[in-house]
Amino acid sequence: MNVERRVEKVLFVVFTAVSLLFLSLPTARSLQVFKLFLAYCFDPGPQLSAKAAEVLKATPSNYLRLMTVDQTNRELRLDATAHRLKLQQADALLEENRALRHVLGLREQGLWKFKIAGVLERDASDWFGSLVVDLGQEAAISLNAPVLGEQDGEIGVVGRILELGPKTARVLLIDDQLSSIAVMVGDSRREGLLTGQGRRLLRVDFLDPEAAIAVGDRVLTSPTSAVFAPGNLVGAVRRVLPVDPYLPYQSVEVAAAMDINNLKQVLIIEGK
Amino acid sequence: MIWFFGFVSACFAHWWLVQMFPESAAPHLPLMMTIAFSIVRGPVSGQCMGFFTGLFVDTLSVRLFGGQALVLSALGYLSGQFRKKIDFNSALAQALAIFTASLAYAAAMEALSLIFMNQTLSGALTYFIGKPLTNALAGPAVFALLDKAAASRRRRLLPRAQ
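Taken in order, these protein sequences are the chains called A and B.
Its first residue numbered 1, the first sequence is counted upward by one per residue in the working numbering.
Its first residue numbered 273, the second sequence is counted upward by one per residue in the working numbering.
Quick caveat, the hints were computed from the structure, so don't treat them as lab data.
Here a beta-carbon is modelled for each residue, glycine too, at the ideal position from N, C-alpha and C.
There could be a bad hint or two in this list.
[Stated by the list, open to error] Computed, partial: chain B to chain A, Cβ under 10 Å:
hint, residue
1, Q340
2, L342
3, I358
4, L386
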């Protein structure tokens, strides 16, 4: 019998004996410890592979998102260039305006300065009446400062500062019944007084009964407004109310330009 | 070196196969490695592979500890006895060897379970039909890999022609 055959027989006997020993011994506890050790060694593998599979699965959608972001970025860059050009034009016009005002002896108008504030909270009992923003006295916000919003590329009137706290301020929305703003309606620029109706509805009274006003006419703040600078967008005419023969004016209903429910940030104008 | 690499990859791949496939679809890699090593490299190598990979599988399962080690090392010894009597060069012969070993493995595990735990294995159909078939299908690939590894090692060890 050669050595190799002897070794294989010895090994067979040894392995069989050891295996039978394992089979007979109560090894449950020590085996559990060893199994836990093995699980500790191997478990990160499946977890990592699952994560890798998730990443791979999400790759096409991530790539698509990246391409969309890239496309949007290009468009925004072009947009920014166009805006820079417009800004340069505006600067030139402003300079021209200043010179002409100086020649005509008119008082110079200052540029708006504004601060951006985040909408903090809304009171459920006064949903269409007011909201709270995260800037207050410490940010040099003043009472009655006009508050504007930005939606879909348009800037429109939201309300004015009603109460001031050190770090917050309450904004009286134009929808509130206490709110009233001098406005001008349509191309004819007839003046009227816009008041809130306590819900998402505005009404302009005191309009000239002879004025031709149509649905869709834009409503802008008037130069006679004590709070707002002229020309700020308020909304558009939604319905022209029938003229009351006993009243010397006509009224219209207005849909607000800013959707108050979707406002996340507002612009607080410093000075008119 | 080949043995150690085979042992580690058998353990690792077995773990993954158990995690990723249903039990009947996962080939029993330690069993296939045992038979392949035993036939290609001899019964000592096969027995060692069977015993140690068997211990590894024993630690992963909730069944008898030592059962897999016993059956696989015995299969390694037995298949080593046939390596010079039967020509295992064709894929069909290798598949048949793996199939037969798988049936023997199932029967032995059933017997051990009856003796030591006084109960039969659950999923006997899987053990007697599903597993032998998947093992037989995957077996020749294991033989081919092992042959390739052995051939490349031989080429490395041979003195280069001047």
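Hint check results:
no.	hint	in the structure
1	Q340	9 Å, holds
2	L342	3 Å, holds
3	I358	18 Å, violated
4	L386	13 Å, violated
Going through the hint list in order, the structure does not satisfy hints 3, 4.
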